[in-house]
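Please model the complete structure; the sequences and the hints are all you need to start from.
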Amino acid sequence: MLELIGLPLSVAHERLPTPPVVVETAPPFAPKNRVPVWGELRVLRAREREGQLELLVARELLAEDASPSSPPKPL
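Throughout the sequence shown, residue numbering follows our numbering, covering 648 to 722 in sequence.
Rather than coming from a laboratory, the hints here were simulated on the basis of the structure.
Honestly, I wouldn't trust all of these hints.
[Said to hold, decoys possible] Label-pair restraints from in silico Cβ distances:
| no. | residue 1 | residue 2 | range |
| --- | --- | --- | --- |
| 1 | Pro664 | Glu687 | 18 to 26 Å |
| 2 | Leu691 | Thr665 | 18 to 26 Å |
| 3 | Ala713 | Val658 | 27 to 35 Å |
| 4 | Glu695 | Val658 | 14 to 22 Å |
| 5 | His660 | Gly698 | 15 to 23 Å |
| 6 | Arg681 | Glu661 | 30 to 38 Å |
Values in this document were obtained by computation on a predicted structure and should not be read as measured data.
Glycine included, C-beta positions come from ideal geometry on N, C-alpha and C.
Dropping the structure here:
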């Protein structure tokens, strides 16, 4: 199971013989003056629960761009 940690969810699905239970966490916090650039879902934790494999996944934060400032008001 440890070999699944850090993999994109799509790759983890390909490596497993049966579909896992997928639990998605909330995305990480991003400041209001920044625009987040999200990547794909990645596996954070894998555990067996009630005979099924459960994967905890979160969306990868690739970057934070400065949000565009409001246009200047005409005089």
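Next on the checklist: Name the hints, by number, that the structure is in violation of.
Outcome noted: Going through the list in order, the structure violates no hint and respects every one.
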